[in-house]
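A.B. asks: Chain by chain, the residues run as shown.
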Amino acid sequence: MAETTKMSRKDKKALKERMKHLKSGKLERRYARMGYIFMIPWFIGAAVFLAYPLGSSFWYALNNIRITPLGRIFSFVGQGNFTQILIQDPDFMIYLVDYLTSTIISTPIIVVFALIIAMMLNMKIKGKGFFRLIFFLPVIIVSGPILGMLTAEGAGSISAIDTQSLTSAISSVLPDIIAKPISDVFNNMITTLWYSGVQILIFLSGLQKIDKSMYEAAKIDGGSAWECFWKITLPNLKSMILLNTIYTIVFISNNSENPIIVLIEESMFSGTKEKGYGYASAMAWLYSVVVLILVGLFALLLATRKDQYEKQVKRAIKARKKEARNKKKIERRNRRNAKKIERQRAAGKITTHTTDRSDY
Amino acid sequence: MLGSKDREGFLKQFLVYALLICIGFIYVYPILHMVSSSLMTLDDLLDSSIKWLPSSFNLSNFEQAAKSMDFWNALWQSIVIAGVPTICNLISCSVTGYALARFDFRGKKIVMGIIILSFVLPSQITMIPTYVLYSKLGILNTVWAFILPALFGQGFKAPIFILIFWQFFRQIPKALIEAARIDGAGHFKSFFKVALPSATPAFITVALFSFVWYWNESYLTELYIHGVYGQSEWTTLVVQLDNFAANYSSYAQTATNAATNLNESINMAGTLLSILPLTILYFVLQRHFVESIDRTGITGE
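Line by line, the protein sequences are chains A and B. Per the numbering used here, residue 1 is the first one in the first sequence, and the count goes up by one each step. Per the numbering used here, residue 1 is the first one in the second sequence, and the count goes up by one each step.
Do not rely on the hints blindly, as some may be mistaken.
[Said to hold, decoys possible] Derived coverage of chain B by chain A (criterion: at least 3 residues anywhere in the stretch with Cβ under 8 Å from a Cβ of chain A; other residues may be distant): (1) 25-37; (2) 90-97; (3) 108-121; (4) 148-160; (5) 235-247; (6) 268-276.
[What the hints assert, rightly or not] With the C-beta cut set under 7 Å, the calculated list includes, among others, these residues of chain B facing chain A: (7) Leu20; (8) Cys22; (9) Phe103; (10) Thr126; (11) Ile128; (12) Pro129; (13) Thr130; (14) His187; (15) Val212; (16) Tyr219; (17) Val228; (18) Tyr282; (19) Gln286; (20) His288.
Derived from the structure by calculation, the hints contain no laboratory data. Backbone N, C-alpha and C define an ideal beta-carbon position, used for all residues, glycine too.
Make a model of the complete structure from these sequences and hints.
C.D. replies: See the structure below:
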């Protein structure tokens, strides 16, 4: 009985192996091809509203475009627009550096803050619904003009908290380049916090997906809440952290209050000879490349770092596999040796101990 | 005091509540500030002894702000501009998400890559050619500038919605679709009769977020629909708020009754008016908002 099940399992394995090499059947392929029909709207959209604008945007960036009553006049300038932006534009580089420092500083703050709020909301507290209601409100109402209006009227920072002493303390300790963005973050505390609504939502649903029994097991083994956080909560939320980081960067970068985006729009509709569509396109390309690099850096920073436990588990699995392989090897060798001995004995070359004994 | 392992201690609970209330206060502070200063008269505003409570309940700021924003017209147009593309988004993104979840066609991975890339890419890069394209197609300064891309799965933040639908349709057991196939349903029938009805939570989530994001988008609305110099008659509340100062001064000139100069109270009243519809919507539908996220697993893997 045991033999047959073993055989069938082996057969199944072999079948699976063979299936991998086999091409899927005609029916399967026809079925898969139906996917294209469902994708048609997206393909059209991607071609017309994504690929075409992207391509022509690059072409625009290489040209100087002037709008005349007769139409748009293109004159090819090659990399001229780019060098002009990088070398001559008084604002672009300053704004870009400001943008980079403030994004690099405020992104971790927003993500960490969102995580803390999400963890508190995930606790057993009374009035959970009420607090949720408050913390998700910014998701609904946050938009460029409203934020602009609030900061303009001084509602973007809290007068009740004295940020002045805090910022002066920071700027006395740190050099000016680092101190300024940090004090900016404190000065615009509310807008920073308001950016974290969606992130809280994402973290919260991530927290609810973690298996409760893991915490129970840790508790039985004597783990404190602190250890539970570092060894259960955080590793389980790793992908959420990456997602939130990317979302935060994209949100900050594409916000219409962002000075670089305002600059791009200004140069797009500026009447001067050297600016215009081409110049603005070049600026948008430069900016996009910077944003993509930033996103890539953060993704690399968060994605490649495997935690210690995963590594250990992997190592253990590897070791176990190696052991199994060795065991098999030894078994095989034993079997081979046994057969060899059998054959030699049959040929009468060896007189083994037992035969010796039977002779007696 | 700090509690044992099984029970939360008093001090700890107190701390959590205190923190939540403090941070919650910071969250609603701008709104409170808005409400209080929008109710103030000019005298209250200048009186330094009045900080939060205005001396009288004064609604004239709202009246003036609403008139200068052309509130009812802008509200109606906002609903159209946010609502119609949302419906288009629902159609196109659900179809695309279904295709990605159900079929193993060639080049699927490339398509997924493009979708993710188009989410990360700043919209500014395609903005100018898109502007030219729309003016060539003759849809610039009309609502079609939002409807057409949305209909073809390239709407505002569409990649997120496609991923939500993809995530959701993947969870539907394959056996369900196969059973429908055996019973003689074609691909479209099994999509409409089996997949769609079970995806209601995803539809609610996408509809809510799409509506809210379209509503709050000021930049693209201004560029494509309102017109940079206000060429078209289409406008939204958020766009009106963005141009509030200009709108107000032109209103104040034409107004017959003596309108006061633009001040903080009127500014805040305008801001409050522009967020009011969505806030009401949110309070009515808040259960769906929060729960739908949990059910759809918006978060991916």
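A.B. asks: Do the numbers back the hint for Thr126 of chain B, that is, is its least Cβ distance to chain A under 7 Å?
C.D. replies: Since the shortest Cβ distance to chain A is 4 Å, the answer is holds.
A.B. asks: How does the coverage statement for the segment 25-37 of chain B fare against chain A, requiring three or more residues with Cβ below 8 Å from a Cβ of that chain?
C.D. replies: Holds, because 9 residues of the segment 25-37 of chain B bring their Cβ atoms closer than 8 Å to Cβ atoms of chain A.
A.B. asks: Taking a Cβ-to-Cβ distance below 8 Å as contact, does the segment 235-247 of chain B have at least three residues touching chain A?
C.D. replies: holds (count 5)
A.B. asks: For the restraint on Thr130 of chain B, tell me whether the closest CB of chain A is nearer than 7 Å.
C.D. replies: 5 Å, holds
A.B. asks: Grab the minimum C-beta distance from His187 of chain B to chain A and call the hint holds if it beats 7 Å, violated otherwise.
C.D. replies: This hint holds: His187 of chain B lies near chain A, its Cβ roughly 5 Å from the closest one there, short of 7 Å.
A.B. asks: A closest beta-carbon separation below 7 Å is what the hint needs, so does Val212 of chain B meet it against chain A?
C.D. replies: Interface hint status for Val212 of chain B: holds (6 Å vs cutoff 7 Å).
A.B. asks: Less than 7 Å between beta-carbons is the criterion; does Val228 of chain B satisfy it with respect to chain A?
C.D. replies: Because about 6 Å separates Val228 of chain B from the closest Cβ in chain A, which is inside the 7 Å limit, the hint holds.
A.B. asks: Let me know if the C-beta of Cys22 of chain B comes in closer than 7 Å to any C-beta of chain A, holds or violated.
C.D. replies: Not OK, violated: Cys22 of chain B not within 7 Å of chain A, min 10 Å.
A.B. asks: Classify the hint on Leu20 of chain B as holds or violated, based on whether any CB of chain A lies nearer than 7 Å to its CB.
C.D. replies: Holds: closest Cβ of chain A sits about 6 Å from Leu20 of chain B, inside 7 Å.
A.B. asks: Against chain A, does the segment 108-121 of chain B show at least 3 residues with beta-carbon separation below 8 Å?
C.D. replies: As far as the segment 108-121 of chain B goes, the hint holds, because 7 residues have Cβ atoms under 8 Å from chain A.
A.B. asks: Do the numbers back the hint for Pro129 of chain B, that is, is its least Cβ distance to chain A under 7 Å?
C.D. replies: 4 Å, holds
A.B. asks: Taking the closest Cβ pair, is Tyr219 of chain B under 7 Å from chain A?
C.D. replies: 4 Å, holds
When the structure is compared with the earlier hints, violations turn up for hints 8 and 20 and for no others.
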